[in-house]
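Top line first, the protein sequences correspond to chains A and B. Mapping of the first sequence onto the numbering used here: position 94 corresponds to residue 94, and the numbering continues sequentially without gaps. Mapping of the second sequence onto the numbering used here: position 103 corresponds to residue 103, and the numbering continues sequentially without gaps.
Certain hints may be false.
Identical copies carry no separate label here, and so any pair may be met within one copy or between two of them.
Below are the DSS-like pairs computed for lysine-lysine, each with C-alpha atoms no more than 25 Å apart in a straight line [stated by the list, open to error]: (1) Lys656 - Lys442; (2) Lys336 - Lys376; (3) Lys376 - Lys135; (4) Lys327 - Lys86; (5) Lys86 - Lys24; (6) Lys24 - Lys656; (7) Lys243 - Lys616; (8) Lys376 - Lys441; (9) Lys86 - Lys243; (10) Lys509 - Lys135.
The set of hints was computed from the structure by calculation and includes no laboratory data.
2 protein chains.
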Amino acid sequence: MHDNLHRATWIWYPDDYEIWLHQKVSVLRQFRGYICPPSWRLDAAYTSVKFRKIFELEEPELLTLSVQGDFVLLMDGSMTPIPYEKTQITSVQIPAGHHELTVNVYNDREIPAMFASGETCGTDGTWEVTALNGKWVPAASWHFDDIVHPPAAFPFHYETIQPAAITETDEGVIVDFGQETFGTVTFLGAAGRGRIHLYYGESLEEAMAGEGAETFDTLSVDSSEPLDLATSVTRAFRYIQIKKDPGVSYGRVEHQYEYLLMERRGGFNCSDSRLNEIWEVSARTLHINMREFLYDGMKRDRWVWSGDANLGFLINNYSFFDQDVTKRTMIALRGKDPVEFHINTIMDYTLYWFLSLHDYYLYSGDVAFIRSSYPKLISLMEFCLNRCNEAGMLEGYPEDWVFIDWAPMERRGELAAEQLLLCRSLEAAALFAGEVGDSEKKARYSELAAQLKETIFRLFWDDEQGGLIHGRHEGELNRQLLKYPSIFAARFDYLNEGQRVAVREKVLKNDTVQQINTPFMRFFELDALCLLGEHDHVFQEIRQYWGGMLDLGATTFWEEYDPDLPAELQYDMYGDKFRKSLCHAWGAAPIYLIGKYMLGVKPTEPGYSRYRVEPKLCGLDWMEGKVPTPDGEIAVYMDAQRIRVTSNASGIGTLKFRSHTKPSVNAGELSVVGEDEYELLLAMPSCDYEIEFGKVDVHA
Amino acid sequence: MHDNLHRATWIWYPDDYEIWLHQKVSVLRQFRGYICPPSWRLDAAYTSVKFRKIFELEEPELLTLSVQGDFVLLMDGSMTPIPYEKTQITSVQIPAGHHELTVNVYNDREIPAMFASGETCGTDGTWEVTALNGKWVPAASWHFDDIVHPPAAFPFHYETIQPAAITETDEGVIVDFGQETFGTVTFLGAAGRGRIHLYYGESLEEAMAGEGAETFDTLSVDSSEPLDLATSVTRAFRYIQIKKDPGVSYGRVEHQYEYLLMERRGGFNCSDSRLNEIWEVSARTLHINMREFLYDGMKRDRWVWSGDANLGFLINNYSFFDQDVTKRTMIALRGKDPVEFHINTIMDYTLYWFLSLHDYYLYSGDVAFIRSSYPKLISLMEFCLNRCNEAGMLEGYPEDWVFIDWAPMERRGELAAEQLLLCRSLEAAALFAGEVGDSEKKARYSELAAQLKETIFRLFWDDEQGGLIHGRHEGELNRQLLKYPSIFAARFDYLNEGQRVAVREKVLKNDTVQQINTPFMRFFELDALCLLGEHDHVFQEIRQYWGGMLDLGATTFWEEYDPDLPAELQYDMYGDKFRKSLCHAWGAAPIYLIGKYMLGVKPTEPGYSRYRVEPKLCGLDWMEGKVPTPDGEIAVYMDAQRIRVTSNASGIGTLKFRSHTKPSVNAGELSVVGEDEYELLLAMPSCDYEIEFGKVDVHA
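Construct all of the structure, not just a fragment, from the sequences and the given hints.
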């Protein structure tokens, strides 16, 4: 059937696939058998759309087509439908000459979508679509390229996994799959009459807790013939406690691991096996949480959170580099207009959306996505600006969640941390306005950002304390020194040299300042510390903190980890036993920190058209690894004697390193850029650059 | 189960019932087996909402509840659900004291809705609901007061109707139900194997046309035992041609008429039986089209059109006075934010929405609905104002449909008719802003309306032609004299006395001006003519024009009727045989014209708190009738000797009449207000006022 047909793909209204999918997955969260819908507005895809295509054909052409939904075919503006056979895959003849085909589709279960393919034309981005909202836009698509696979089913991959161990208990068995996993469970050869109860646990303790576990399922068996019986809802677990009624039997139990097929394009290996294991477990942690969208964690929320995703995206950039997940997540987070409330109801999470888009652009260089997101970016920014007070600052409304971090702090009034996020968001919006040619908005947002930055430092910079104070409430400054605003100011490069030193010494490395307790904010803190030159300190932290979870048997990294807690309290969170997620995307932070600050690779222009490589051994004997870019990988090796950099990507890099001895290079020309500081331009395609540190001290 | 329980009703998020229902019914239109979705955006209800209620109980109370959708019960802000039995009707115990119950509901098929009833509390407007959009609002409800009848099924009534006549044809039979009807068809005792084809016709010719009819259905029979087989989709028809395969038999065919139960609160009877029949057929026409919403016509579109509804609402006000249909229709038309396009894609139809709301308020006095509609009213008005040009006038955008009427005319540029609709809309919006206490918007819209009226008359009033010219395009005046702007200016009372005379004589009664050909615009024309004092002319028109349809066998009034067309072309429209609707709501116009200008009853203050009665016999020997108001009816009788007015409504009326003889009254005091003109204040509750015209000429 597909012979001689033009390549085609399933098409739909832009963003609607993501918005539909997001609604669908957002309501999968359950707690002990009860639904737990998210506390933010769920948007819906349009149910009624029209596709159109203008054909200029020399010969009549038979279009083979399939439509997801009820539909009608119209030609050249006529109100009278073209007849067609009402079969799953049908066809219509387009006459020679200039003709416009319109396909009206209605579907209130899945998104309206269509696939059509002829000898010379097929559904693709040259087809247009309208949601009957006054505008025609190019149709959107993904990789649904087969007429028999419409976009209703997400293209997961599956792997059947056998238990690693089965232990009998008084009441049943405990099945251990050896490590954290996600999917459904099948009982092969189940027979008899009665029920099978499954109590899932990310920890053994949780599975043993029976109805005290966060999730459980019950299957009913009623068959004298043995049959295979599977659970219907996917769950996250390592252990399952299984109890069955006496009248029920089954042959064995196995598990279908459900996952998104992704290539691990980044990698890391070094002389410290603990660090290697941390990288590996981080990658597995992220993979389990990267699916339809980038989730926070799969056991409990299974939700898309903008702040969490901001970290996840960055980690993804140094591992899988799957930008499709990022785009789907950004579209889902943004939802539809009108903007009535902050993303995830959290004021800071709205602002992280702009930061994530900025990161996305820097790492991917994908200006088309910036362009397609632009109208919604503007309406989101205008929503924020409409909520600014006379000083141009954002204060939380009574119904807003002002989060920043799980920690005690004043949340009312003008918080310095929130203004820094807003300032950075304005800068990002100004950049995007420039990229799409909206010079009026570019000027306006740049001006607002500059004013706001001036306001922030004028009001909140405290020379004596050496950092930014907490904020202002009802005109009164709150001089409390917390780490958040200083972390953000460092990350956004808003500090001058004196301020950098002050922040590093008096705030971030100051034990008397309230410590950060969440991996979420620790990510930003460690990022800031690296930016302030504290690499060795950061990588000691990684070994200890993430290593501590490994010592407790972690097979994926956790939502929260306090080394000082006794073991029996390690799974508690939000006031409930076992509520803590033991496979949480933000737990994978080491991948980002290792890639960006040990391998030292980062883009400086969108899409790695320009990038820097500044490797740091941080006490290792040797390390090697690679960092993905849109069109290739940058591989780095370093030991005490040499650095090797190989890239099959198209961008131009700058290698920077320190050396007390005089180095030599096999290609390119070294520049001295400071005392013991060298730079090498990495401009030759596919060149294996090798720098040998000399034996002679340059200062000798 | 309901014993001793507090009265309760099903509740949901405001407007979502109407928006959900509108989407559902909008896609029922079919053309010869193909779907025909509307050409405007279909909005969807929220799928995820939270209800909440604060209880202050002296004793614990058992709430009996049922929820339409998946749900979870939470108490006092806890994240841990309250357990409940998962049955259709379940219960939960509310402890004594101060407690907040939250019910999260998800439903992507019907609207999320709930019903709960205890000894002292039940779901009603004191419960609040949020769509997780940052605001809690009072929950909405209608008349779903029974826990076992959730709002998924619309509460229609049904009546089984037997055929009036069955005629055999060569290929089958023609079943005639005697008059226009709507619903499904049942074959009793169908047996055998094969198919039954039904070809529906509003006219005999259409049913006879087989697959040339607008709608047809096919039923499959496959049973050796006789069974009753019904069609699944409701259709509008009088006749059905039935053809069946030889292997199929059935006992008899009957029809389930599906309708909204409404009381005919208005009435009319007079010495002219033709006019009585016109009133009766008008009422039946309107009734068939007033269902979930006020539709245009039930055979073809089954859609809600804002301009059509503007007429339908007015007719309803003089017959059924069912304001619930009006509210549902207004909510459905308005849809959700953001406003991206005009209502029904038609620029004038957006403006009619404001006019309809104004009429609704005047006839119902329902300020609560004005208040609940206010935010959407504002966003719709701001959408219009954002599209105004520098002169403050609306020009159609390329994608807009500028309709006005089915007639040849220039549609580009600043059309006088559109500006008059906008001016009236601004006045209405200013009125509503005042009613809800938004003084800033009241001032702004009043000012804009005054400026626009000044602009309209300065640019478009043509003293020489005696009316308003057509408009201006690219700076150039279009001096064509068409009736539309003059009709609107007269209806909105924008003309001074000289202009009124000029418009009446030089425009509306001028045979050389392009004539109006649609019942839609004829309604407005006849309304304007009455306002200009041409009652006798208008009621002659009604007898002839609507009587002409009766002469052609109409049992309901049509979408269009041109007396000059030959009979065989009477069912043609939009270039297709039988596309014309023979049961079209706007065809019921005579009810409005009779009620408002013959019985002469109209509100002058919202909700008939003040009203006027100015009966006119228009050549009849006698007439009697009643006009509904929110809280009673105003009955009027008139013949050459007397007028009787009886009202059981609470408002205060003013009866005005002319008499050459000196009249006497049985109650109240007559005022002389002009030459031969008298007024009587109708202020006494339930008084039967009777005015006897005297025998003595007052001027003698």
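Taking the hints in turn, this is what the structure says about them:
Neither within a single protomer nor between protomers do Lys656 and Lys442 lie at most 25 Å apart by alpha-carbon distance, with minima of 33 Å and 66 Å respectively. Taking the shortest Cα distances, Lys336 and Lys376 sit within 25 Å of each other both inside one copy (8 Å) and across copies (17 Å). For a Cα distance limit of 25 Å, the shortest separation of Lys376 from Lys135 qualifies both inside one copy, at 15 Å, and across copies, at 21 Å. Taking identical chains as interchangeable, the C-alpha atoms of Lys327 and Lys86 are never at most 25 Å apart, the minima being 35 Å within one chain and 39 Å between chains.
For a Cα distance limit of 25 Å, the shortest separation of Lys86 from Lys24 across copies, 22 Å, qualifies, whereas the shortest one inside one copy, 28 Å, does not. Taking the shortest alpha-carbon separations for Lys24 and Lys656, neither the intra-copy value of 47 Å nor the inter-copy value of 64 Å comes in at or below 25 Å. Taking the shortest Cα distances, Lys243 and Lys616 never come within 25 Å of each other, neither inside one copy (53 Å) nor across copies (86 Å). With identical chains, the CA atoms of Lys376 and Lys441 are at most 25 Å apart within one copy only, with a shortest distance of 14 Å there and 27 Å across copies.
Only between protomers do Lys86 and Lys243 lie at most 25 Å apart by alpha-carbon distance; the minimum there is 22 Å, versus 48 Å within a single protomer. In this assembly of identical chains, the alpha carbons of Lys509 and Lys135 never lie at most 25 Å apart, being 54 Å within a copy and 42 Å across copies at closest.
Checked against the numbered hints given earlier, this structure breaks hints 1, 4, 6, 7 and 10; the rest are met.
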